[in-house]
Amino acid sequence: MAADLEFLRQIGQHMATTVPQAAALGFRFVSVDHGKGVIEVPWRDDLVGDPDTGVIAGGVVTSLLDHTCGLAITAAAYGQIDSPFGTATLDLRIDYMRPAAPRAGVTAEAHCYKLTRSVAFVRAEAWDEVREDLIATAQGAFMLTGRTGG
Amino acid sequence: MSEDAAGQLEAFLQRVPYVRFLGMRAELSGDELTAILPFAPHLVGNTMIPALHGGVIGAFLEVTALAQLSVTQGSARVHKTIDITVEYLRPGRAQTTYARADLRKVGRRVANVHVEAWQEARDTPVAFLRGHFLLSGDT
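These protein sequences, in sequence, are chains A and F.
Heads up: the first sequence is residues 1 to 150, going by my numbering.
Heads up: the second sequence is residues 1 to 139, going by my numbering.
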């Protein structure tokens, strides 16, 4: 089990840093667990969406939530689906409860709570400073793509 | 009026750092905005296809809605997103993406906006967005 998680951590590290958009936004892998993943994006001045406040752009949070959902799906599929696969977002709903604090980075945690052979259902939450004080929640459905077998 | 609209749009695009990060541009026909997202390597989410990151497409649609609102509302201030739903129909290929926003209802405080994105042909859209936006009072 510990070896499984170590392997998932390596995948998570890879997903958070080598995907071009993730690297461009400066994503950092935080943690992974069975069906769950956490990724953070530090604040940067070129990612600001509201110059009046210095708050990070909603679009950055959208990419972060989408990407973290992908990590959670990978974590859920590990041990269940042996062939390599990609994920394609079918839909993603995001509620923005409040703006992030000025000059604050954002962390997202996603939970893939149901995985079928072709579809993954995921919920995700994002916060800036305190885990309980959310800035956004998300709900998405994703297709598993490019599966060669099973 | 159209000069005002162009000025509002230019102010919005210039003021928001994240718009520059995306590399997004926009053109106006009267007060109708067409947003343009040229392909760039840092927007890729899947290097095998290659395809644009789903988050990038969602973000582009959201910024298009915000830009159209800034034009229509005559304010360079950024309105606040309440919620968005993005539906993905096709992979966003490694090419230029376009988007147009349809302001379905602009009330006193909240706007309902639909946005459509496409690449080669408008009748084969890449993604849709539906969203609610809290309007920033300006005066």
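Please note: incorrect hints may appear among the correct ones.
[Said to hold, decoys possible] Chain F stretches covered by chain A per the calculated footprint, using a threshold of three residues with CB under 8 Å from any CB of chain A: (1) 20–27; (2) 30–37; (3) 57–66; (4) 101–114.
[As the list claims (entries may be wrong)] The calculated SDA-like cross-link candidates involving lysine to any residue, where the alpha carbons are at most 20 Å apart (straight line), are: (5) Lys80/F / Met97/A; (6) Lys80/F / Arg93/A; (7) Lys80/F / Val110/F.
What the hints contain is simulated information worked out from the structure, not anything from laboratory work.
Bear in mind the structure is a predicted one, so any value in this text is a computation, not a measurement.
Ideal placement from N, C-alpha and C gives every residue a C-beta, glycine not left out.
Q.
Using a Cβ cutoff of 8 Å, are there at least 3 residues of the stretch 30–37 of chain F near chain A, or does the coverage claim fail?
A. violated (count 0)
Q | Outcome, coverage hint (the stretch 101–114 of chain F, chain A; C-beta under 8 Å; three residues) | A | Contact hint for the stretch 101–114 of chain F vs chain A: violated, 0 residues under 8 Å.
Q | 8 Å C-beta criterion, at least three residues: is the stretch 20–27 of chain F covered by chain A | A | The restraint on the stretch 20–27 of chain F holds, since 3 of its residues have a Cβ under 8 Å from chain A and three suffice.
Q: Would you mind confirming whether the straight-line C-alpha gap from Lys80/F to Arg93/A stays at or under 20 Å?
A: holds, 16 Å
Q.
Quick check: do three or more residues in the stretch 57–66 of chain F have a beta carbon closer than 8 Å to a beta carbon of chain A?
A. holds (count 5)
Q. Is Lys80/F within 20 Å of Met97/A, Cα to Cα?
A. With Cα atoms ~10 Å apart, Lys80/F and Met97/A stay inside 20 Å; holds.
Q: Would you check the hint for Lys80/F and Val110/F, treating anything up to 20 Å between C-alpha atoms as holding?
A: Roughly 9 Å between the alpha carbons, so the hint for Lys80/F and Val110/F holds.
Comparing the model with each earlier hint shows violations of hints 2 and 4; every other hint is respected.
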